[in-house]
Amino acid sequence: MRDATPDFAEFVAACGPKLLRVAWLLTGDPHQAEDLLQTALAKVWPRWDRIAPDRPEAYLRKVLVNCHISWWRRRWTGELPHSDLPEPPSAQADPFEGVVLGQVVAEAVRALPPRQRAVVVLRFFEDLSVEETAEVLRCTTGTVKSQTHRALAALRGKLPARELLSDGGHRERG
Amino acid sequence: MNGAEPADGTEEIEEELRVLLHRAVPVLAEPEDRMERVLERADRARRRRRATALGLGLTGGLVAAALAAAPALAPAPDHGAVGPAAPGPARTSPSPGAVTPRPSTATPSVPPSVSPAVSPPATGEFVRFLQIGGLAVTVPPGWYSDVAAFRDGNRLLGYLANQPFDVTAPCTQVMGVCTPIGPLAPDRAYLILRLVDVPDQAKAAAGGTTGPVDVALDKECFGHGGNRETVSSRNVDGPQVTVRIELTACAREPSEATLRQVRQVLDSLRFAG
Numbered sequence: 000m001r002d003a004t005p006d007f008a009e010f011v012a013a014c015g016p017k018l019l020r021v022a023w024l025l026t027g028d029p030h031q032a033e034d035l036l037q038t039a040l041a042k043v044w045p046r047w048d049r050i051a052p053d054r055p056e057a058y059l060r061k062v063l064v065n066c067h068i069s070w071w072r073r074r075w076t077g078e079l080p081h082s083d084l085p086e087p088p089s090a091q092a093d094p095f096e097g098v099v100l101g102q103v104v105a106e107a108v109r110a111l112p113p114r115q116r117a118v119v120v121l122r123f124f125e126d127l128s129v130e131e132t133a134e135v136l137r138c139t140t141g142t143v144k145s146q147t148h149r150a151l152a153a154l155r156g157k158l159p160a161r162e163l164l165s166d167g168g169h170r171e172r173g
Numbered sequence: 000m001n002g003a004e005p006a007d008g009t010e011e012i013e014e015e016l017r018v019l020l021h022r023a024v025p026v027l028a029e030p031e032d033r034m035e036r037v038l039e040r041a042d043r044a045r046r047r048r049r050a051t052a053l054g055l056g057l058t059g060g061l062v063a064a065a066l067a068a069a070p071a072l073a074p075a076p077d078h079g080a081v082g083p084a085a086p087g088p089a090r091t092s093p094s095p096g097a098v099t100p101r102p103s104t105a106t107p108s109v110p111p112s113v114s115p116a117v118s119p120p121a122t123g124e125f126v127r128f129l130q131i132g133g134l135a136v137t138v139p140p141g142w143y144s145d146v147a148a149f150r151d152g153n154r155l156l157g158y159l160a161n162q163p164f165d166v167t168a169p170c171t172q173v174m175g176v177c178t179p180i181g182p183l184a185p186d187r188a189y190l191i192l193r194l195v196d197v198p199d200q201a202k203a204a205a206g207g208t209t210g211p212v213d214v215a216l217d218k219e220c221f222g223h224g225g226n227r228e229t230v231s232s233r234n235v236d237g238p239q240v241t242v243r244i245e246l247t248a249c250a251r252e253p254s255e256a257t258l259r260q261v262r263q264v265l266d267s268l269r270f271a272g
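Just so you know, the protein sequences line up as chains E and X, in that order.
By numbering that gives the first Met the number 0, the letter at position 94 of the first sequence is numbered 93, and the numbering carries on one by one without gaps.
By numbering that gives the first Met the number 0, the letter at position 119 of the second sequence is numbered 118, and the numbering carries on one by one without gaps.
Warning: the hint list may mix true and false statements.
[As the list claims (entries may be wrong)] Straight line, CA to CA, 35 angstroms or less: simulated DSBU-like cross-link-like pairs of lysine-lysine:
| no. | chain 1 | residue 1 | chain 2 | residue 2 |
| --- | --- | --- | --- | --- |
| 1 | X | Lys-218 | E | Lys-17 |
| 2 | E | Lys-157 | X | Lys-218 |
| 3 | E | Lys-17 | E | Lys-157 |
| 4 | E | Lys-17 | E | Lys-61 |
| 5 | E | Lys-144 | E | Lys-157 |
| 6 | E | Lys-61 | E | Lys-157 |
| 7 | E | Lys-42 | X | Lys-218 |
| 8 | E | Lys-42 | E | Lys-61 |
[Stated by the list, open to error] Far from chain X, some chain E residues (derived; all Cβ distances over 12 angstroms):
| no. | residue |
| --- | --- |
| 9 | Phe-7 |
| 10 | Trp-44 |
| 11 | Asp-53 |
| 12 | Arg-54 |
| 13 | Pro-55 |
| 14 | Ile-68 |
| 15 | Ala-105 |
| 16 | Arg-114 |
| 17 | Glu-134 |
| 18 | Arg-137 |
| 19 | Thr-147 |
Derived from the structure by calculation, the hints contain no laboratory data.
Note that beta-carbon positions come from the ideal geometry of N, C-alpha and C, so glycine has one too.
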């Protein structure tokens with residue numbers, strides 16, 4: 000038994016919230032996000048002792064993302080991305096701006112194919128490098144770059160205007 | 000993105016996307032029982048894998064029925080050749096001090112229900128697990144048995160091993176159950192007996208023994224140094240009902256002789272009257 004490995008329950012308590020946010024970005028739904036996270040944790044738990052002690056979060060992230068991709072493959076015929084996105088928020092002050100913003104971003108990201116969605120979440124929410132993203136998705140760095148390029152092209156025009164970010168343009172690394 | 004970026008505003012878009020993603024994620028509720036749910040899922044997956052390996056159709060209802068039937072199957076404490084009346088730790092042992100009666104503090108989260116008898120290394124005699132309906136097992140020569148069952152929710156477990164039990168060993172607490180044994184030495188194994196099912200009586204009459212089949216090493220076995228795990232099951236006739244007993248064997252570099260003994264244990268399962 001490895002003493003250096005953080006206890007699984009402690010790990011879940013510490014990393015659960017962050018990974019739940021990743022799961023939400025992948026699924027766009029809080030219930031599915033929790034389901035996805037628990038599925039990934041249940042897969043990781045039996046192998047906990049064999050996971051590199053310094054990288055449990057990276058391992059779980061990999062399981063989480065690949066779980067989601069396999070879910071998506073199974074549910075392919077049942078999942079239809081919304082064709083009509085909610086109107087982007089206006090520049091006027093809106094008490095529900097955060098909610099609408101979240102909805103707009105979630106819908107835009109959800110409309111992406113699963114691997115592009117995963118690339119966007121890993122690179123721009125988790126701040127992984129191209130190489131790290133390729134490792135998680137078990138693909139080449141070239142694939143990550145091309146998927147990133149396509150995802151950004153697809154998102155262009157679907158996300159709120161740049162000036163909306165001016166008042167809160169600080170980066171909240173999660 | 001790599002090397003010289005094209006001057007098409009990609010960096011700006013990437014930066015905007017970062018900000019948007021971080022601002023977009025709502026406050027998400029964190030269920031307090033997440034860990035419990037995760038363990039339940041892992042437990043279900045584990046049982047599914049085993050059921051697949053064994054061709055068993057385990058259902059919670061049947062297990063519950065089996066558990067309800069178990070007390071009725073248990074013989075009186077003073078009935079039978081071996082059991083509470085049998086000498087316990089004072090009996091001779093090929094390895095002095097090898098058998099340790101488990102104190103009640105052995106598994107804090109899973110209070111053990113210990114029968115009065117803890118068998119020493121055996122010479123082919125049988126012992127009974129009173130909490131598993133009085134299930135009798137012939138213990139191979141040189142093996143140890145802990146005539147105890149751990150009641151953990153729906154689980155009733157009995158243990159046999161060909162190395163001494165060790166209540167001070169680190170507890171992996173897999174699925175809330177702590178196997179009271181230390182690291183396995185080469186050619187050592189421990190066996191877990193559980194009542195898993197009350198099969199359809201017609202099928203039970205026709206059904207016999209399944210396995211042993213090799214299964215993927217689980218965390219508990221791995222944690223004890225095991226490198227081979229098998230699961231087998233057998234329908235055992237009780238006075239009123241036939242029950243299915245599952246035997247999980249975790250071994251480290253088992254010899255053919257040890258594997259034969261595991262099979263002998265499985266074949267010896269019975270309800271002694």
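TODO: Take the C-alpha atoms of X:Lys-218 and E:Lys-17, compute the straight-line distance between them, and say whether it is at most 35 angstroms.
DONE: holds, 26 angstroms
Open item on the list: Can you confirm whether the C-alpha distance between E:Lys-42 and E:Lys-61 stays at or below 35 angstroms?
Closed with: Satisfied, since the Cα-Cα distance of roughly 11 angstroms is no more than 35 angstroms.
TODO: For the pair we were handed, E:Lys-157 and X:Lys-218, check the Cα-Cα distance against 35 angstroms.
DONE: This hinted pair is violated, its Cα atoms lying about 46 angstroms apart.
Task: Least C-beta distance between E:Glu-134 and chain X, which was stated to exceed 12 angstroms - done: holds, 16 angstroms
Task: Cβ separation check - E:Thr-147 to all of chain X, threshold 12 angstroms - done: Contrary to the label, E:Thr-147 does not stay out of reach of chain X, its closest Cβ about 6 angstroms off (not over 12 angstroms).
Open item on the list: So E:Trp-44 supposedly isn't at the interface. Is its beta-carbon more than 12 angstroms from every beta-carbon in chain X?
Closed with: At about 5 angstroms from chain X, E:Trp-44 fails to clear the 12 angstroms cut-off, so the statement is violated.
Open item on the list: Please verify that the nearest CB of chain X lies beyond 12 angstroms from E:Pro-55's CB.
Closed with: Given a closest Cβ separation of 14 angstroms, the condition holds.
Task: Holds or violated: E:Lys-42 to X:Lys-218, with C-alpha atoms at most 35 angstroms apart - done: holds, 12 angstroms
Task: Beyond 12 angstroms from every chain X Cβ - status for E:Arg-54 - done: The assertion about E:Arg-54 holds, with a minimum of 18 angstroms to chain X.
Open item on the list: Given the hinted pair E:Lys-144 and E:Lys-157, is their Cα-Cα distance within 35 angstroms?
Closed with: holds, 20 angstroms
- [ ] Starting from E:Lys-17, check that the Cα of E:Lys-61 is at most 35 angstroms away, please.
- [x] holds, 14 angstroms
- [ ] Examine each Cβ of chain X, and state whether all of them lie more than 12 angstroms from the Cβ of E:Phe-7.
- [x] At roughly 8 angstroms from the nearest Cβ of chain X, E:Phe-7 sits no farther out than 12 angstroms, so the non-interface label is violated.
The structure is inconsistent with the numbered hints 2, 9, 10, 15, 19, although it conforms to all the rest.
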